[in-house]
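If you read the protein sequences in the order shown, they are chains C and L.
Under the working numbering, the first residue of the first sequence is numbered 1, with each subsequent residue one higher.
Under the working numbering, the first residue of the second sequence is numbered 1001, with each subsequent residue one higher.
Warning: the hint list may mix true and false statements.
Only pairs whose alpha carbons sit at most 25 angstroms apart, straight line, appear in this in silico DSS-like list of lysine-lysine [what the hints assert, rightly or not]:
#1 C:Lys103 to L:Lys1083
#2 C:Lys103 to L:Lys1011
#3 C:Lys68 to L:Lys1044
#4 C:Lys42 to C:Lys59
#5 C:Lys103 to L:Lys1044
#6 C:Lys69 to L:Lys1044
#7 L:Lys1011 to C:Lys42
#8 C:Lys42 to L:Lys1078
#9 C:Lys79 to C:Lys57
#10 L:Lys1083 to C:Lys42
#11 L:Lys1044 to C:Lys42
#12 C:Lys79 to C:Lys42
#13 C:Lys69 to C:Lys57
#14 L:Lys1078 to L:Lys1044
#15 L:Lys1015 to L:Lys1083
#16 L:Lys1078 to L:Lys1062
#17 C:Lys103 to C:Lys69
Simulated restraints, written as ranges between beta carbons of each label pair [claimed, not checked]:
#18 L:Pro1081 to C:Lys59: 41 to 49 angstroms
#19 C:Ser28 to L:Gly1072: 28 to 36 angstroms
#20 C:His93 to L:Lys1044: 12 to 20 angstroms
Stretch by stretch, here's where chain L covers chain C in the computed footprint (C-beta under 8 angstroms, at least three residues) [said to hold, decoys possible]:
#21 42-48
#22 78-92
These aren't lab readings, by the way, just hints derived from the structure by calculation.
From the three backbone atoms N, C-alpha and C, an ideal C-beta is built for every residue, glycine too.
Each chain, written out:
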Amino acid sequence: EDQVTQSPEALRLQEGESSSLNCSYTVSGLRGLFWYRQDPGKGPEFLFTLYSAGEEKEKERLKATITKKESFLHITAPKPEDSATYLCAVQVHSGNTPLVFGKGTRLSVIA
Amino acid sequence: EAGVAQSPRYKIIEKRQSVAFWCNPISGHATLYWYQQILGQGPKLLIQFQNNGVVDDSQLPKDRFSAERLKGVDSTLKIQPAKLEDSAVYLCASSFGGVLNEQFFGPGTRLTVL
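Make the full structure from the sequences, and use the hints.
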């Protein structure tokens, strides 16, 4: 069975304190790994897609990396507006199949 | 570009009542998904449409949930009768399909069953 595990469940950082979120996955055939940001009362907002080990993507203070077993979302010098739940999801086999999500990491950045 | 639209945003019903949710995907997106997100969990797929055909409904509780996508555009998800455990956020997502497989989500409908 395809599984996605995110850690930690919750993370509290001071503004400017860099850290990383982890997404471990066990799937039969990875097509893509996705990172989403979800603010309270809103739907997930697409951040990145990673397709193969060694790939990296960056957007502002966020950088996503991936190995054959896990992905990291690195947050550099976070600001309070980065506070949100970050969801990791995998897509298997083909390019038109549903996403399997982890439970997410709730990030709080304190000024 | 307009995003995925959903309505209503909130709904409160008594158990055993019926409820329906509506979704309008991004223009040109052939694939439409309905996900259920229980508080503290990641979204879980209920049903996937490709144009107006069902691709995957293996996790849809078919004794009480139904969904349709007429003319391959808008979609409705219905629950009849609702149970307490159906309290969740119902998210609609769409994607272009093929190699462009990023899914874009609507704001969701928060359902509370009393």
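Is it true that the CA of lysine 103 of chain C sits at most 25 angstroms from the CA of lysine 1044 of chain L? Holds, at about 10 angstroms.
Do the alpha carbons of lysine 1044 of chain L and lysine 42 of chain C lie within 25 angstroms of each other, as the hint requires? Status holds; Cα separation ~16 angstroms.
Verdict for histidine 93 of chain C, lysine 1044 of chain L (Cβ pair) under range 12 to 20 angstroms: holds, 18 angstroms
Distance restraint between lysine 42 of chain C and lysine 1078 of chain L, which requires alpha-carbon spacing of 25 angstroms or less: Holds. Lysine 42 of chain C to lysine 1078 of chain L sits at ~21 angstroms (cutoff 25 angstroms).
Taking the Cβ atom of serine 28 of chain C and the Cβ atom of glycine 1072 of chain L, is their distance within the range 28 to 36 angstroms? holds, 30 angstroms
CA of lysine 103 of chain C to CA of lysine 1011 of chain L, is that 25 angstroms or under? Cα-Cα ~24 angstroms, so holds.
For lysine 1078 of chain L and lysine 1044 of chain L, compute the direct alpha-carbon distance and say whether it is at most 25 angstroms. Distance ~16 angstroms between lysine 1078 of chain L and lysine 1044 of chain L Cα, so the pair holds.
Quick one, are lysine 1015 of chain L and lysine 1083 of chain L close enough, alpha carbons at most 25 angstroms? Answer holds: lysine 1015 of chain L to lysine 1083 of chain L is near 5 angstroms, not above 25 angstroms.
Take the C-alpha atoms of lysine 42 of chain C and lysine 59 of chain C, compute the straight-line distance between them, and say whether it is at most 25 angstroms. holds, 20 angstroms
Taken at face value, is the distance from the CA of lysine 1044 of chain L to the CA of lysine 68 of chain C at most 25 angstroms? Holds: lysine 68 of chain C and lysine 1044 of chain L sit about 24 angstroms apart, inside 25 angstroms.
Are the Cα atoms of lysine 69 of chain C and lysine 1044 of chain L separated by 25 angstroms or less? At roughly 22 angstroms apart (the allowed maximum being 25 angstroms), lysine 1044 of chain L and lysine 69 of chain C satisfy the hint.
Does the hinted range 41 to 49 angstroms hold for proline 1081 of chain L and lysine 59 of chain C at CB? Holds, since proline 1081 of chain L and lysine 59 of chain C (Cβ atoms, about 44 angstroms apart) stay within the stated range.
Going through the hint list in order, the structure satisfies each hint without exception.
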